[in-house]
Amino acid sequence: MAAKWMLQGNQMPFEITDPSPRSYPKSVAFVRRAGPIMVTAGVDTFVEIENWLLEEASADRHMIDLLVKLIGRMKAAGSSVDRLTLHIGTLHPQLVGFAWVWNVDDGFCDEVRVADAAIDSDAYRLNPLQRIVETGETIRRTPTEPSAQAEFPIMIELAAAGMTDYVAIPLSGLDTRNVITIATKAVGGFAGAEIDCLRRLFQLFALHVQRHSELKISENALGAYLGYGAAAKVLEGAIKRGAGDSIRAVIWVSDLRNFTKMSDVLEPADMLVLLNAYFEAMASAVAAHGGETLKFIGDGMLAVFPVTVGAADASRAAVSAAKEAIARLDASNREMQITCDPEQGGASLRAGIVLHEGEVFFGNVGAPDRLDFTVIGAAVNEACRLEALTKTIGRDLLMTEAVARHLSHDVEHLGEHQLRGVAARMSVYGLAG
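Residue 251 in the working numbering sits at position 251 of the sequence shown, and the numbers go up by one each step.
In case anyone wonders, no lab produced these hints; they're calculated from the structure. Virtual Cβ for every residue (Gly too), placed ideally from N, Cα, C. Accuracy of the hints is not assured; some may be wrong.
[Unchecked claim] In the SDA-like style, the derived pairs of lysine to any residue whose C-alpha atoms are separated by at most 20 Å in a straight line are:
id, residue 1, residue 2
1, 323, 299
2, 295, 384
3, 391, 359
[To be verified] Label pairs and their in silico Cβ distance ranges:
id, residue 1, residue 2, range
4, 162, 26, 24 to 30 Å
5, 218, 30, 19 to 25 Å
6, 246, 59, 30 to 36 Å
7, 60, 284, 31 to 37 Å
8, 59, 140, 29 to 35 Å
9, 105, 200, 23 to 29 Å
10, 372, 287, 19 to 25 Å
11, 65, 416, 33 to 39 Å
12, 196, 320, 22 to 28 Å
13, 217, 144, 34 to 40 Å
14, 200, 320, 53 to 59 Å
15, 246, 401, 33 to 39 Å
My request is simple: use the sequences and hints to build the entire structure.
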C-alpha cells in the first residue's frame, strides 16, 4: 500500500499522508482498510463474545467488519493478542485467496487479495501457512528463538516487532486453507488459559469464516462467468426467468478480424493463446473505464456501459475504453511470438468495435432450467448489425449518432447506412483523423 493517498477536493487534487503505511509483496494487492479499532477495557468477557458469535455476529455481511468487531471484543475482554491475521482460500481463476492483517501498533485492519503467484514464492513456501494447509496441524513458535527463525523466516520480522509468542491455527470447516494466526508481545507469551479461550472462540468464528468464504467463492465464480454487475443481481435474488431491469446503456459489440483464416492455419493451442490475449485486451480496457463484459460469443464480445448520470459520461468512457483496447492489441502484436503459415504473414490481432446507446433489458432470459443473464433489445440488435460495417468501411471503431453526439470534436461522419433487418438508415461515425 502506498504511503500517500491522492484525494480530489473541490478545486485541486491534494495529497495526505497514510497514517500507517504498509508494504505488501507484488502478489498481494491492498483492497481496503478498517479501523483503527477502539477498545473499551472490561466491557466484554470471553463468554459474552461466544454468545455474540452465536447470535448477532451473523448479521455482518463483510468479513472485515466482523473481524474488526471480534478483535475489539477480544481486546476489551483482556486478550493479550497484539497481532492477528486471517487467511481464507477461494475459487477464482487468478486468486488463491484473501487475507486480513491487524496489529496493535496502529490499530488498523487491512484486507488484501492474494494472487496465484504467491504460492510459488519463497515467502509462502517458508511460511507456517503452507504447512498448515498441507498437514492441518497447529503451529506455535517463539519468534526470538534462532531455530524458529531458521524454520520460518517470518519469525525474524515478528521478533523485530517485539512479539514473544506466535500461534497459527487451522479453522475447522470444509476448506483447509482457512487459517488464523495470533501473536503477542506479552512477557512469557500467551498464558495457557487464554489459548484455551481463544481456541473456543475460533471454533465458533470458523463457522462465520466458512459462511463468508462460500459467499466470496459464489461472488468470484459468478463474477468470472457472468460479470460482476450481473453476478450481484443474481446473488440478490434475480434468478427467475424474466427477472431484470430496463436500463439505458452504451452497448459495446466487438469481433476479432480474420478469425476464420487464423483458425485454419494456427494450431488449436496457439489459437487459444491468441484468443485469450485478444479477450484480455478487450475486457481489461472495458473494466478500466467502468464498463462490464457480459459474454464472449466465439470471437465476439458483448459489453455495456450503464448510463448512471448521463449518456455523455457513458459514451466518453466507452470511446476511451475502445481506444485503449486497440492500443492494447497493438502492444500484444508486438509481444506475441505466434506465427502462421508464411503465406499468411504471421498472426495479428485486430478488432472491429461498435458503440451504440439505447434502452435495453438487463436480466434473465432462456429456458426454465438454463438461463443467461444478458442484455436484449433493439439497441443490441442494431449494434450487432453495425459491427459488420467495420470490415466494409475499414475502421476499427464505429459508433452511432447516439454516442458520437457527445464527442463532436473527436469524430467524423461516415455517412448513412442501411443495416440488415433495421428499417431506418443509420448515421455512422468514426474517430476523426
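Checked hints:
| no. | hint | result |
| --- | --- | --- |
| 1 | 323 - 299 | holds, 19 Å |
| 2 | 295 - 384 | holds, 14 Å |
| 3 | 391 - 359 | violated, 26 Å |
| 4 | 162 - 26: 24 to 30 Å | holds, 27 Å |
| 5 | 218 - 30: 19 to 25 Å | holds, 23 Å |
| 6 | 246 - 59: 30 to 36 Å | holds, 33 Å |
| 7 | 60 - 284: 31 to 37 Å | holds, 32 Å |
| 8 | 59 - 140: 29 to 35 Å | holds, 33 Å |
| 9 | 105 - 200: 23 to 29 Å | holds, 27 Å |
| 10 | 372 - 287: 19 to 25 Å | holds, 20 Å |
| 11 | 65 - 416: 33 to 39 Å | violated, 55 Å |
| 12 | 196 - 320: 22 to 28 Å | violated, 58 Å |
| 13 | 217 - 144: 34 to 40 Å | holds, 38 Å |
| 14 | 200 - 320: 53 to 59 Å | holds, 54 Å |
| 15 | 246 - 401: 33 to 39 Å | violated, 22 Å |
Hint compliance for this structure: hints 3, 11, 12, 15 are broken, all remaining hints hold.
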